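**Student:** Line order of the protein sequences matches chains A and B.
Heads up: take any position in the first sequence, counting from 1, add 10, and you land on the working numbering.
Heads up: take any position in the second sequence, counting from 1, add 1, and you land on the working numbering.
None of these hints come from the bench; they were simulated from the model.
Here the structure is a predicted model, which means the values were calculated and not measured.
Some clues are possibly wrong.
To be verified - Selected chain A positions facing chain B (Cβ under 7 Å, derived; list incomplete):
hint, residue
1, V31
2, G47
3, L48
Said to hold, decoys possible - Now the stretches of chain A that chain B is said to cover, found in silico as 3 or more residues with beta-carbon under 8 Å:
hint, segment
4, 22 to 30
5, 33 to 39
As the list claims (entries may be wrong) - Listed below are the simulated SDA-like cross-link pairs for lysine to any residue, each with C-alpha atoms no more than 20 Å apart in a straight line:
hint, chain 1, residue 1, chain 2, residue 2
6, B, K114, B, T37
7, A, K145, B, L48
8, A, K145, B, Y73
9, B, K112, A, R25
10, A, K145, B, R79
11, A, K145, B, D70
12, B, K18, A, V185
13, A, K144, A, L108
14, A, K24, B, L48
15, A, K24, B, G106
16, A, K145, B, Y71
17, A, K24, B, V60
The C-beta atom is built at its ideal place from N, Cα and C for all residues, glycine as well.
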Amino acid sequence: MWDYLFDDVKRMNKRQFIYQVLSFGMIVSSALMIWKGLMVVTGSESPIVVVLSGSMEPAFHRGDLLFLTNYPEEPVRVGEIVVFKVEGRDIPIVHRVLKLHEKNNGTVKFLTKGDNNSVDDRGLYAQGQLWLTKKDVVGRARGFLPYVGMVTIYMNEYPKFKFAVLACLAVYVLVHRE
Amino acid sequence: MTETRSSDAPEVVTINKFDGAAAKNAIDDAIREVFTGDLKCKESFALIDGRLVLCALAVGVALYALLWDYLYPFPQSRLVLIICVSSYFILMGILTLYTTFKEKGIFVVAKEKHGNGMRIWEASSYVKKHDDKYNLVLVMRDSNTGKTREASVIKSFANFIDVNGVIVQSIVTSEVTKLYNSLLNEKKEK
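Chain A on its own, in the form it takes in the complex:
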């Protein structure tokens, strides 16, 4: 089998080889453009997220896939589930809005809490931060798909496995003609 593996590549002429590289590029760019397209449609910088912790049980479990929207004209309301970023943390947090103050000019500040946590999120926010504002919000949960995200979680827990899978796919696409 290994004898055949690189034969296709060796026999290609210049144009066929360029096409092979470009078609690999197009697989990657298609995925990228779908993601960017979703960003534009939903208005959220990360339209799909995976729930990583059990802090929102029983609403969301670890491994659920969430779809987010972030339309600027929709106001944030108490009881909604928001995904927000906190300075100094890489991973966004999915929690429910607990208290909210809105001014006449439309600016809001709000406090969040995980359904399964016994205290609110002030301990999670950046040092000295008491409220979240609109700019911290990544999106609001609009729908979810249970368990699908477990794949992502396992992939991130075993990075070597992830890179092995990706490398195998890349080699297959690059080496196999059409």
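Given chain A, put chain B in place with the hints provided.
**Tutor:** Same frame as chain A, but now just chain B:
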């Protein structure tokens, strides 16, 4: 990535003869060699170059969107992203149309001078999934008369590939030459 010419020492091409795509590609290559070698035609790359340009444009647009989004994070880059995403999918559509209606499986376009005109030969092939029948279609366009002639042959892979998975160039050559001559003769009769 070696450029092969039949004038060089014949390279032995061994393929997995049970892999339909590999067998088709290898026979396509052999037929291309017949045109550029024995039949002394000049290969024209315009068709495949067109496809390469479309692909390169699409990948370029995607890379540009990636770079722009990195430099100006999302809400700012919205307009550029809209333009990039829509042009990317339009390009993909054009590419699909190009390969289905313009390329139609043509793997070699060869130009042959005769008199003060040109004959253009287009060879295309297709193989059905899980089938061993190789369909070769040869189209000749004469720039003098502006007429188009077509001939085709359907043969099993087994006719072109020996038991070890080696392409038998002499059989491919004779098969292509037969088609080539039939198209030329047909022309003379009329």
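**Student:** Each hint should be assessed against the structure and marked as holding or not.
**Tutor:** Okay, the hints, checked on the actual structure:
1. V31: At about 9 Å, which exceeds the 7 Å cut-off, the nearest Cβ of chain B leaves the hint on V31 of chain A violated.
2. G47: holds, 4 Å
3. L48: Hint on L48 of chain A: violated, closest Cβ of chain B at ~9 Å, above 7 Å.
4. 22 to 30: holds (count 7)
5. 33 to 39: holds (count 5)
6. B:K114 / B:T37: Holds, at about 13 Å.
7. A:K145 / B:L48: violated, 50 Å
8. A:K145 / B:Y73: holds, 16 Å
9. B:K112 / A:R25: Holds, because 18 Å separates the two Cα atoms, which is no more than 20 Å.
10. A:K145 / B:R79: Distance ~16 Å between K145 of chain A and R79 of chain B Cα, so the pair holds.
11. A:K145 / B:D70: holds, 18 Å
12. B:K18 / A:V185: holds, 17 Å
13. A:K144 / A:L108: Satisfied, since the Cα-Cα distance of roughly 15 Å is no more than 20 Å.
14. A:K24 / B:L48: holds, 15 Å
15. A:K24 / B:G106: Holds, because 19 Å separates the two Cα atoms, which is no more than 20 Å.
16. A:K145 / B:Y71: holds, 18 Å
17. A:K24 / B:V60: Measuring from Cα to Cα gives roughly 18 Å; hence the hint holds.
Comparing the model with each earlier hint shows violations of hints 1, 3 and 7; every other hint is respected.
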